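Trainee: Protein chains in written order, with the numbering used here: chain L, 1 to 166; chain R, 167 to 332; chain V, 333 to 498; chain H, 499 to 664; chain E, 665 to 830; chain X, 831 to 996.
Check each hint, because a few of them may be wrong.
Listed next, the in silico PhoX-like pairs over lysine-lysine satisfying Cα-Cα at most 25 angstroms (straight line) [claimed, not checked]:
1. X:K890 / R:K220
2. R:K220 / R:K245
3. H:K591 / H:K556
4. X:K884 / R:K226
5. H:K614 / R:K220
6. X:K974 / L:K149
A short, non-exhaustive set of chain R residues, derived as facing chain L with CB atoms under 10 angstroms [unchecked claim]:
7. K247
8. G255
9. V263
10. L269
To be clear, the hints were calculated from the coordinates, so they are not data collected in a lab.
Values in this document were obtained by computation on a predicted structure and should not be read as measured data.
Think of the CB as a built atom: it goes at the ideal place given N, C-alpha and C, for glycine as much as any other residue.
6 protein chains.
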Amino acid sequence: MIHQLISKLDKHQRIEHAQAHCDIPCGIYDPITAQIAAVTVVRMLDLMTDLEAKGGEKGKDYQNTLSRYIAVKEEHAEKAKAEIRIIWGDYIKPPHVEKFPELHGLAHQIMMLGSKTRQTTDRQAALDLVEAINKFAEIFWETKGITTKRAKAPYAPALEVVYPVL
Amino acid sequence: MIHQLISKLDKHQRIEHAQAHCDIPCGIYDPITAQIAAVTVVRMLDLMTDLEAKGGEKGKDYQNTLSRYIAVKEEHAEKAKAEIRIIWGDYIKPPHVEKFPELHGLAHQIMMLGSKTRQTTDRQAALDLVEAINKFAEIFWETKGITTKRAKAPYAPALEVVYPVL
Amino acid sequence: MIHQLISKLDKHQRIEHAQAHCDIPCGIYDPITAQIAAVTVVRMLDLMTDLEAKGGEKGKDYQNTLSRYIAVKEEHAEKAKAEIRIIWGDYIKPPHVEKFPELHGLAHQIMMLGSKTRQTTDRQAALDLVEAINKFAEIFWETKGITTKRAKAPYAPALEVVYPVL
Amino acid sequence: MIHQLISKLDKHQRIEHAQAHCDIPCGIYDPITAQIAAVTVVRMLDLMTDLEAKGGEKGKDYQNTLSRYIAVKEEHAEKAKAEIRIIWGDYIKPPHVEKFPELHGLAHQIMMLGSKTRQTTDRQAALDLVEAINKFAEIFWETKGITTKRAKAPYAPALEVVYPVL
Amino acid sequence: MIHQLISKLDKHQRIEHAQAHCDIPCGIYDPITAQIAAVTVVRMLDLMTDLEAKGGEKGKDYQNTLSRYIAVKEEHAEKAKAEIRIIWGDYIKPPHVEKFPELHGLAHQIMMLGSKTRQTTDRQAALDLVEAINKFAEIFWETKGITTKRAKAPYAPALEVVYPVL
Amino acid sequence: MIHQLISKLDKHQRIEHAQAHCDIPCGIYDPITAQIAAVTVVRMLDLMTDLEAKGGEKGKDYQNTLSRYIAVKEEHAEKAKAEIRIIWGDYIKPPHVEKFPELHGLAHQIMMLGSKTRQTTDRQAALDLVEAINKFAEIFWETKGITTKRAKAPYAPALEVVYPVL
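Construct all of the structure, not just a fragment, from the sequences and the given hints.
Mentor: Below you can see the structure in the form of structure tokens.
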């Protein structure tokens, strides 16, 4: 019964989007905001590690700084998820999924990795988040017929980020 | 290469979640907030239709009321999407997707329908949104081993909503 | 002089609401969102107690987890207050208060208890919050002529929650 | 049974607050933010009236301006309600209510008037909101032993606002 | 080339504002919200110092209280910056800057001090923030032809705040 | 007296930042989010013009679409302002202002243009906003020793945007 609903909805959507591709100009979507957010998550983890390494007294200054790093990490992990959800939910249509069948699983991975970087201080999870969003960005730009390159982001920790070639 | 990433990430996640099911108690997820939000979208469309039907002069009172209906519609369509994204992205794990392979497509439909109810005044799209979220709720409760029923929501427009049997 | 204002305002409102009951269909109010939020506050306190009990090193992982529990507790205590304020301030009218004269005091208790659960880690205050909101829900559904029941919520800590019988 | 809960909660709270008055310094509460917000609601209504009076073509410029006035009106009516809710729910304690028994009713009036100014373009309702919040401010400052005066606010529409004498 | 843009923009703006001063009534701007926010930052630092001084066990209660003080400090430091940015960016026009050439530098100081009070627990920085915003308030009221006085704020820590004489 | 405060604050800040440049790694700032936001403002104005040009009946569908364009315009104009304020207020320090004395005036122009694009439907103001933020981006990247180029943004209306050469 669920399958019926989906195929009914699918048909409904397909028709809409066939029209959509003719009549309505595309919106402004850019995965760079999600990519910056994911890089920021790694950065916050590095600052947390540095802070802990300094050791010393764990008074209110330490707490003030640590709680700010945690809050910024939370905010950017969530932002990365939200931005990808918008592109996936608003821009990606069934024809894109047909061409790139990995898209749903990749979007889901990004959600799970985003949550993991909130719940833990696992740097590898944050690097995986950056990479998964890079992959998403590559597909996104490919759907628009724009080639991409990888370059080091111009801020610490200088991770590789996917950019469109403009 | 993307497939490799996903399968690598998958493996990574699987292990994590095997542990997760042992060590960490489940969170509090409840699709009812998304369901109320979707019902509210239909309600706003009905109020917009009523307002337009009254006709008469379209002065600032009319605009004040209409713009509030539109804004509430926007807000609740977005809330429905956000709440489903949270359950899909934070609670749903690969084993759930294996058991209910329609989950990714259904979550994606909800995003598209949510956006359509924002972009248009199409009542059928809003009804489809309510129904798609009902379906999602049925699967969600099934994953928790809780049976569900359908009952009329205790507010206009008295649509059928899926509830857990408690 | 204040009493004069109130009685003047009262009269003003009464007339409005006599009309309101004829002309405008009721909105969609549901205390369940406040109830879920209050239950979440108890849940966070339980997770905080578990975390502290584990003892061990209080490094950045501990802080990351604890600060997330605190933030979610804050957010949901505030959400519980906000949702009740909306029903109390937007749905409840003088005739309801005449019939249920305890409503103002109950709403005020909910505000105070909500704040107490933010300011402290007192589990009893959080249980009192759940119960006070359950009472509010019972009155609310009674004003709509809908009977209620109590059932264990389908998530930890499985507290009793008031539900409408649909 | 509800009365029992309230009196039980009351007792619980009283003890807490007897302690609270000894141990914890008072927070920073100031009704001026609610007062400015309420005055802004009147201001927006005046600008809406001016705009409509200009007549002329109702194209996108007109809509852009009108929808901004409506949105600012919404935002400030809601802000006025939220600020009063905070003072009423966080600062006002049962002993204050004993001394000023009109407080609950007055807070409820402010919520209703705030909602009315969102739902309509009724200038009198907005003036009533300003006045009800002025009354609330007078009581608030009296609980702190600070006398008040009334003066014209230094911005249009130059309504009388209650200020503490400092 | 940048200078050319600015002078081009300047000319463009000047003309607009010459018209603006004739045609559009002034908005409702009041630096008091920024001033209250800055005072709150000092207050939070004092409460953090008190809490730390109590010493004792640093369990979840301590963390709950400390993290709330830090969060409120963050929020109000940011609010102070945002409110000043609004007055500086929306109300202050080139003719004001000509008359008070220190305005840009003062606004920039407020941004930097606001950030410093977020990043550190330096009480002097918070006092400097209060004072810089007081200065901004003096200029603001002077541009409106309203004289000001200084009085102790009616809440701890009873700092001197600039008020308009009404 | 104000000048004294500023020079006192200045000295205070200078010392801090001399230290800051040794001890604390730079944050992640990127003007691209402001640039995307400004381009979105132009896009919304174009969509508003297209919608109006279609003419026809101005019922609830028209209002739904128009009010969404206006709201997105509002949101992105404000976002552009907020993002520039963050870079200007948090990253830009007195030594940068000494080297680029136009920075304060440019930041102020961006605030005024951002407000103008909210208040009006003037496309030229939106183009000026894009250009002013492009200028700001050029200076920003220059302070980091990174060269820039101009390229057409990969979405309508394909305006020239400043990008770092990576």
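Trainee: All hints, please: hold or fail.
Mentor: So, going through the hints one by one against the coordinates:
About 12 angstroms separates the Cα atoms of X:K890 and R:K220, which keeps this hinted pair within 25 angstroms; it holds. The suggested pairing of R:K220 with R:K245 is violated, with an alpha-carbon distance near 29 angstroms, which exceeds 25 angstroms. Note on H:K591 and H:K556: the hinted pairing is violated, with a Cα-Cα distance of about 51 angstroms set against a maximum of 25 angstroms. The hinted pair formed by X:K884 and R:K226 meets the criterion: a straight-line CA distance of about 23 angstroms does not exceed 25 angstroms.
For the hint linking H:K614 to R:K220, the alpha-carbon distance of about 21 angstroms falls within 25 angstroms, and the restraint holds. Restraint check for X:K974 and L:K149: the C-alpha separation of about 22 angstroms stays at or below 25 angstroms, so the hint holds. Because the smallest distance between the Cβ of R:K247 and any Cβ of chain L comes to about 6 angstroms, under 10 angstroms, the interface hint for this residue holds. For R:G255, the interface hint holds, since its Cβ comes within 10 angstroms of a Cβ in chain L; the closest pair sits about 3 angstroms apart.
At its closest, the beta carbon of R:V263 sits 7 angstroms from a beta carbon of chain L; the interface hint therefore holds under the 10 angstroms criterion. Checking R:L269 against chain L by beta carbon gives a least distance of about 9 angstroms; that is within 10 angstroms, so the hint holds.
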